[in-house]
Amino acid sequence: MSDILFLFQQTMFFFIPLLIVALGGLFSERSGIINIALEGMMIIGAFAGIFFIHFFQQSMDPQICLLVALLIAGLSGTLFALFHAIASINMKADQTISGTALNMFAPAFCIFVARLVQQTQQVEFSNTFRITKVPVLGDIPFIGEFLFQNTYITNFLGILILVLSWLILYKTRFGLRLRSCGELPQAADSAGINVYKIRYAGTLISGFLAGMGGLIFIVPTSTNFNADVAGYGFLALAVLIFGQWKPWHIAGAAFFFGFMKTIASAGLPFLASLSIPNYFYKITPYVATLIVLAFTSKNSAAPRAEGEPFDKGKR
Amino acid sequence: MKKLFKSEASLNFASSVTAIIAGLIIGLIVIIIANPSNALNGFLTLIQGGFSNGTRGIGQVLNNATPIILTGLSVGFAFKTGLFNIGTPGQFVVGAFVAIYIGVEWTFLPGAIHWLVAIIFAALAGALWGCVPGIMKAYLNVNEVIASIIMNYIGMYTVNYIVPLTVFNINKNETLPVASSAVIPQFGIEHLIPNVNGGIVIAIILVIVIHIILNKSVLGYELKACGFNRDASKYAGINAKQKIVCSMMIAGALAGIGGALVYLGGTGKCLAVVDTLAPEGFNGIAVALLGLSSPFGILAAGLFIAHLTIGGSLMQIYGFIPQIVDIIIAIIIYFSAFALMVKGILANGFHFKKKPKVKEGQ
Numbered sequence: 001m002s003d004i005l006f007l008f009q010q011t012m013f014f015f016i017p018l019l020i021v022a023l024g025g026l027f028s029e030r031s032g033i034i035n036i037a038l039e040g041m042m043i044i045g046a047f048a049g050i051f052f053i054h055f056f057q058q059s060m061d062p063q064i065c066l067l068v069a070l071l072i073a074g075l076s077g078t079l080f081a082l083f084h085a086i087a088s089i090n091m092k093a094d095q096t097i098s099g100t101a102l103n104m105f106a107p108a109f110c111i112f113v114a115r116l117v118q119q120t121q122q123v124e125f126s127n128t129f130r131i132t133k134v135p136v137l138g139d140i141p142f143i144g145e146f147l148f149q150n151t152y153i154t155n156f157l158g159i160l161i162l163v164l165s166w167l168i169l170y171k172t173r174f175g176l177r178l179r180s181c182g183e184l185p186q187a188a189d190s191a192g193i194n195v196y197k198i199r200y201a202g203t204l205i206s207g208f209l210a211g212m213g214g215l216i217f218i219v220p221t222s223t224n225f226n227a228d229v230a231g232y233g234f235l236a237l238a239v240l241i242f243g244q245w246k247p248w249h250i251a252g253a254a255f256f257f258g259f260m261k262t263i264a265s266a267g268l269p270f271l272a273s274l275s276i277p278n279y280f281y282k283i284t285p286y287v288a289t290l291i292v293l294a295f296t297s298k299n300s301a302a303p304r305a306e307g308e309p310f311d312k313g314k315r
Numbered sequence: 316m317k318k319l320f321k322s323e324a325s326l327n328f329a330s331s332v333t334a335i336i337a338g339l340i341i342g343l344i345v346i347i348i349a350n351p352s353n354a355l356n357g358f359l360t361l362i363q364g365g366f367s368n369g370t371r372g373i374g375q376v377l378n379n380a381t382p383i384i385l386t387g388l389s390v391g392f393a394f395k396t397g398l399f400n401i402g403t404p405g406q407f408v409v410g411a412f413v414a415i416y417i418g419v420e421w422t423f424l425p426g427a428i429h430w431l432v433a434i435i436f437a438a439l440a441g442a443l444w445g446c447v448p449g450i451m452k453a454y455l456n457v458n459e460v461i462a463s464i465i466m467n468y469i470g471m472y473t474v475n476y477i478v479p480l481t482v483f484n485i486n487k488n489e490t491l492p493v494a495s496s497a498v499i500p501q502f503g504i505e506h507l508i509p510n511v512n513g514g515i516v517i518a519i520i521l522v523i524v525i526h527i528i529l530n531k532s533v534l535g536y537e538l539k540a541c542g543f544n545r546d547a548s549k550y551a552g553i554n555a556k557q558k559i560v561c562s563m564m565i566a567g568a569l570a571g572i573g574g575a576l577v578y579l580g581g582t583g584k585c586l587a588v589v590d591t592l593a594p595e596g597f598n599g600i601a602v603a604l605l606g607l608s609s610p611f612g613i614l615a616a617g618l619f620i621a622h623l624t625i626g627g628s629l630m631q632i633y634g635f636i637p638q639i640v641d642i643i644i645a646i647i648i649y650f651s652a653f654a655l656m657v658k659g660i661l662a663n664g665f666h667f668k669k670k671p672k673v674k675e676g677q
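As they're listed, the protein sequences go chains A and B.
If you count the first sequence from 1, position 108 lands on 108 in the working numbering, and the numbers rise without skipping.
So the mapping is simple: the working numbering equals the position in the second sequence, first residue as 1, plus 315.
Take the hints with a grain of salt, since some may be wrong.
Here chain A is said to cover these stretches of chain B; the calculated rule only asks that three of the stretch's residues, wherever they fall, bring their Cβ under 8 Å from a Cβ of chain A [said to hold, decoys possible]:
| # | stretch |
| --- | --- |
| 1 | 452-464 |
| 2 | 471-477 |
| 3 | 599-606 |
| 4 | 641-647 |
Hints were generated in silico from the structure; no laboratory data involved.
The C-beta atom is built at its ideal place from N, Cα and C for all residues, glycine as well.
Just need the whole structure built from these sequences, with the hints factored in.
Shown next as structure tokens:
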């Protein structure tokens, strides 16, 4: 029982950031902008957030400090995403190239600034954000133990973002417009929708979520930030595809990938006797995504206009 | 002046130079903000790069340029067929591993061909890694960017899994050094530049080979036709699917050779077991963009970026952080993505001027 509890809580550390970042990717790709810069946006967001925590941790209540840091991480991710938006929407640049440039820029910039400000490139912080027990809810038998003990505020935030994303994309006018811009922007344009504005919104939302996701990934799993999120941005991209560009499928995919990561890093007590090498769990998410891609390619759920710069003259 | 603008080559060159200048200017601004008092000295060191250490510095530039010329060729070659090969880090690392494995284990081979066999097998490994996204693109219509990114991680984890089981130096957490017979000979250029690796000679030979394939062969013509318009090339009787796989295999082979050239270079460098993608792979994208996917352009761009990298590490004398070079390279890539559009505007602008004239003639 305690093994399962431990596994579940470990999985949350990987599941929640993957979920939030992949949902970020969803907003951008559904509006028609390929975002392979998720990795870079995560790095920038985590960097800004950890830097804030590093300096203000002592003088603030930990939960408020974390919430402010999350906001800062999100906003810096948004600012960084603005460059991707300018390149891919106004300048009609190749979105993959622009994304590659941002991915190269982010770690170099973080190391540069960190060493400029404090000589070393690791930004240290101490993890004081764990909630041992949520009052009242933590006392519920079984459920309380799983969901409301030894948890982080970010876990609830992740679930909230999932529900909100689904509501926004499928139940609001904005969501319908966003999705239409990713499928057939010319039709959306002729219906009076400003495709440029919608695509800006999609890309900036994805920057906000990816930036926040970067911080959420670092906080529970580490005590310093070294300009690296271990390829989680690219993994989130795989989650997005594995989840076929749909919020609830993405949640399932993120949980599966997070679980595989947990087994690879923490090990499963009852699987240890099988002596399957860690390597197997590490590559499973990637191989699974390749297989899903191969089988779904005939009727792909990918947004049709993804990656195409919007050209008003083209009908 | 108009003629100068009209020529495609000079237009291309101008757009690359604009991206470089923009990158350097922003780099200079960052340097000034970071440390105003040493900014000028630091920037001059950066620009001087490999030239500040005499022939030693030039040798360093050539050695650093070798892998990124190869990964640049890989990305550029795929670009010509309309494919974005972002899978170079994976192809590079599997090539590097196969070359090291053969370099350490196959000592039964005579010294004259040991290194060559290692390079050939590295090329095959890279081609294998490249053909997966190629096949998926051609026959299943899967986006090659996504498939390549996934193959990068599969390649990295696979190599990190196999190395500790085979040619592992447990004390340093890296591979064993290759046998001396597997080191690429220096082909006599060591008399000119003492510390140079033979790899640069192979890189230059491959630049020429790729130039010939692309511009003087039927295969190259067909590959480029697929890149320009897949449907039209199909109509003309070209097997477009086969050509896509072929292009990705050649691109993968080139990146794989890049991995071999680094670790067979005789510098004693070994492949470390770390969970990070090979940076040489991503730098290849910068090189290919800057070199506008033409083999000789890529050669020049590779040398230029290697030159800047050396300048960046020399800047540490003045207390600057070498990552400034990565920042500059990233900005150059960003602006070269713009440059494609700027070029388009220029070209279209000229079309508009031409069209009415044609109508008048009718």
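(message) Cut-off 8 Å, C-beta pairs, minimum 3 residues; does the coverage of the stretch 641-647 of chain B by chain A stand?
(response) holds (count 5)
(request) Apply the coverage criterion to the stretch 452-464 of chain B and chain A: a residue qualifies when its Cβ sits closer than 8 Å to a Cβ of the chain, and three qualifying residues are needed. (result) With 8 residues close enough to chain A, the hint holds.
(message) Can you tell me if the stretch 599-606 of chain B counts as covered by chain A, using C-beta to C-beta distances under 8 Å and a minimum of three residues?
(response) holds (count 3)
(message) Closer than 8 Å Cβ to Cβ for three or more residues is the test here. Does the stretch 471-477 of chain B pass it with chain A?
(response) holds (count 4)
Checked against the numbered hints listed earlier, the structure breaks none of them; every hint is satisfied.
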